[in-house]
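Colleague: Sequence:
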Amino acid sequence: MTDAPATPAKRYATASDYVNLMKPRIMMLVVFTAAAGLIAASSATHTPINPLMAVIALLAVALGSGAAGAINMWFDSDIDAIMTRTATRPIPSGAVPREEAIAMGLIMSGVSVMLMWLASNWLAAALLAFSIFYYGVIYTMWLKRSTPQNIVIGGGAGAFPPVIGWAAVTGNTPLDAWILFAIIFFWTPPHFWALSLLAHGEYEKAGVPMLPVTHGAKATRLQMLIYTILLVPLALAPVVTGLGGWIYAVTAGVLGAVFLSYAVRVFLSKAGDDDCTGAEKKLARSMFLFSILYLFVVFAALILEHATGLYFAVKGF
Numbered sequence: 001m002t003d004a005p006a007t008p009a010k011r012y013a014t015a016s017d018y019v020n021l022m023k024p025r026i027m028m029l030v031v032f033t034a035a036a037g038l039i040a041a042s043s044a045t046h047t048p049i050n051p052l053m054a055v056i057a058l059l060a061v062a063l064g065s066g067a068a069g070a071i072n073m074w075f076d077s078d079i080d081a082i083m084t085r086t087a088t089r090p091i092p093s094g095a096v097p098r099e100e101a102i103a104m105g106l107i108m109s110g111v112s113v114m115l116m117w118l119a120s121n122w123l124a125a126a127l128l129a130f131s132i133f134y135y136g137v138i139y140t141m142w143l144k145r146s147t148p149q150n151i152v153i154g155g156g157a158g159a160f161p162p163v164i165g166w167a168a169v170t171g172n173t174p175l176d177a178w179i180l181f182a183i184i185f186f187w188t189p190p191h192f193w194a195l196s197l198l199a200h201g202e203y204e205k206a207g208v209p210m211l212p213v214t215h216g217a218k219a220t221r222l223q224m225l226i227y228t229i230l231l232v233p234l235a236l237a238p239v240v241t242g243l244g245g246w247i248y249a250v251t252a253g254v255l256g257a258v259f260l261s262y263a264v265r266v267f268l269s270k271a272g273d274d275d276c277t278g279a280e281k282k283l284a285r286s287m288f289l290f291s292i293l294y295l296f297v298v299f300a301a302l303i304l305e306h307a308t309g310l311y312f313a314v315k316g317f
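To convert, note that position 262 of the sequence shown is 262 in full-length UniProt numbering; the numbers rise steadily by one, no gaps.
Hint data in this document are derived by calculation from the structure and do not stem from the laboratory. Possibly wrong hints are sitting among the right ones.
[Said to hold, decoys possible] With beta-carbon atoms standing in for the labels, derived distance ranges: (1) L222 - T88: 30 to 38 Å; (2) I153 - G201: 46 to 54 Å; (3) M114 - A13: 24 to 32 Å.
Glycine included, C-beta positions come from ideal geometry on N, C-alpha and C.
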């Protein structure tokens, strides 16, 4: 017996295969957080941006995210074929040849950076190019297979979109932009490790040194709690700087308390252990799903305040 995957039967690719190659769910979150940075920057700095240019800038971010996803799937096709939850992806399923995936990723990378440069400025384009390189090379080709801190350090790739959006409007990246970066950066470990607790057997089979594989579920649950404790007050930093108003403050505060309660309950459970119960597995999955809702709603509150003129500084009340 061997864990080596069988050669997949050839099948014709569909349009959905090429869409899935770009990791559309990640793309949607990336574009959304980039839009939050763009809208907040325009409102907070009183810098108008042409609506058409804003749409093109966000399209560039979407293409860049899709390019990074295609490069990731090209490089990871060997381990994707081993893990059950990824075996049906376009390359291991036999739908899309690896050479098509990398060609698509490289072409989209170039197009996305050029579009961003034309729609905004060189800084936003450079940040977009670096974020693609970060995810496609630094995380995918180096960190993911070499260190259990892969998702921590690699989380920087997914944290760049609001900074890119901010730079697209103003041509600079002030403290507020990097606070938005930090929120996503510290959100990533508890978000991803909640899923890793459930899939650690798959990662172990594929030889990927995720934290639950190298240090065990208990250490992972502790790290999830620590990062969540750091995230909750950090998410309120925009209120201190004046970027976030009362709507944002209430939203981030309430959702942060719920997120922290999940982290505490998962920490006290045996989620990820060999003898964990079905309820404990469900708890870890619920934390994973809530973490997606958390990030979406927190950034949605920021967009709401700045896009509709409902922005008020807490200290003004």
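Colleague: With reference to the structure, classify each hint as holding or not holding.
Modeller: Results of checking the hints against the structure:
1. L222 - T88: 30 to 38 Å: holds (33 Å)
2. I153 - G201: 46 to 54 Å: violated (24 Å)
3. M114 - A13: 24 to 32 Å: holds (26 Å)
Of the numbered hints listed earlier, the single one contradicted by the structure is hint 2.
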